[in-house]
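*Asks:* Since the structure of chain A is provided, determine the placement of chain B on it from the hints.
Each chain, letter by letter, is given below.
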Amino acid sequence: MTHTHRVLVLAAALLAAGAPGRGVRAQEKETGTPKLTPVVVQADYVAVSRPARDIRPVQVPDTGERRAGRPPRKIRTNPELGKDQFRADRFDGPRRRAPVDRAVAGDAGASLTFEGFAATDNTPLYGFTVNPPTPTATWARTTTSRWSTWCGASTARPVRGSPGR
Amino acid sequence: MGRLQQGRCAARRAAEGQPALASAGFTDKCATEDDGDPIVLYDEYADRWILSQFAYGGGSVPYFECVAISRTPDPAGQYYLYSFQVPNAEFPDYPKIGVWPDAYYMTVNQFTNLGPFNGTGAYAFERERMLRGDPAARLVYFNLNLASFPEAIGGALPSDADGLRPPPPGMPNIFAYFTATEFSDPADGLRLFNFHVDWANPAASTFTERPESTYAAPLIVAPFTQTPRRAVPT
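Which chain is which? The protein sequence lines are A and B, in order.
Residue 35 in my numbering sits at position 31 of the first sequence, and the numbers go up by one each step.
Residue 111 in my numbering sits at position 84 of the second sequence, and the numbers go up by one each step.
In case anyone wonders, no lab produced these hints; they're calculated from the structure.
For clarity, every value in this text was computed on a predicted model and none was experimentally measured.
Ideal Cβ positions, reconstructed from N, Cα and C, are used throughout, including at glycine.
Be a bit skeptical, because a hint or two may be false.
To be verified - Listed below are several chain A residues computed to face chain B (Cβ distance under 7 Å; list not exhaustive):
#1 Val45
#2 Val50
#3 Ala51
#4 Pro55
#5 Arg57
#6 Ala102
#7 Pro103
#8 Ala112
#9 Ala114
#10 Leu116
#11 Thr117
#12 Phe118
If we strip away everything but chain A, and leave its shape as in the complex, we get (with noise of 0.2 Å):
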């Protein structure tokens, strides 16, 4: 199988052409967000695989370790950084997320997660849901936020992106 990979980059004149309602400019001149033209790829490649249960190792050793019935392991975490460190849990209450209610909460309707936030790329810092589900109840226009972890004690200042996996 080749790569038949087609991309169309599609010109910026297309794009006010056939904006709908407010269309691009509009908005840019409202929000200041420079003018982006959209790329368009087709997928390269499609399959079906097999059954997932049959994609596994040849066999799984017994350890004879057993994990039933036993506590989770713990993980430390170190909530006073100081008052130069940074720190991301201020979306820790109503009053502090109510910003972010009002702004998307009303526009949305459906339960919205923005889980996982980081400042420097796979640690995540905070977490935070709005309106979210309550199957038994009534749809609340309110947030709740999630901890993950902490960012690290390092007193170096945060650098928003590094290469890494």
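*Replies:* Leaving out everything else, chain B in the frame of chain A:
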């Protein structure tokens, strides 16, 4: 019996160190590389499962985002396998995916040729076609690189809709990332964006900042940096 034989083949390939997906027919990096940043997500509107990881094999372009969509609600069953080639030399690191009615939306931190950070990539995958296994499935991509956003948008997230109540028809997906004075940004806050994808006319797709925020004046939240608070009893 057939399934059993397939299982034995997969087991042998796994034992020999050959990625299992190679047998599905892929010939690109999605078949030969298990490079990481895997995601498992449940699409509760369609009752399907989404798996993904990127593929960069060796570090040189092209880069791929490999996406698998379960054909049924059974996560242990068959999957539609898609490989999407990234349209430039921006390695799509740290992907994050959100379920939305009109697309699977994704953010990545971009690293040019696996080197320097170059902002965010915003993607929309054509959910409706992918759920059917349609080989014509597409993605729409916006490059939020440093040239367009010198302030360096990074760590952005698409919103992920949960629950039984979907967003209103036609509502764009809301993207967000936080600014912080620790990053030399003007203020602590959130920037919110709308990603509207138009599959009938992809050229009309838009990525725009919502009126609640700009870089200079983000949606203000409580400061990220505060004086120490009392220790929390453990």
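*Asks:* Taking the hints in turn, state whether each one holds.
*Replies:* Going down the list of hints, with the structure as the test:
1. Val45: holds, 5 Å
2. Val50: holds, 4 Å
3. Ala51: Holds - the Cβ of Ala51 of chain A comes within 7 Å of chain B, reaching about 5 Å at its closest.
4. Pro55: holds, 5 Å
5. Arg57: holds, 4 Å
6. Ala102: At 9 Å from the nearest chain B Cβ, Ala102 of chain A fails the 7 Å test, so the hint is violated.
7. Pro103: Holds, about 5 Å.
8. Ala112: This interface hint holds because 5 Å falls under the 7 Å limit.
9. Ala114: Holds - the Cβ of Ala114 of chain A comes within 7 Å of chain B, reaching about 4 Å at its closest.
10. Leu116: holds, 4 Å
11. Thr117: holds, 5 Å
12. Phe118: holds, 5 Å
Violated hint for the displayed structure: number 6, the only one.
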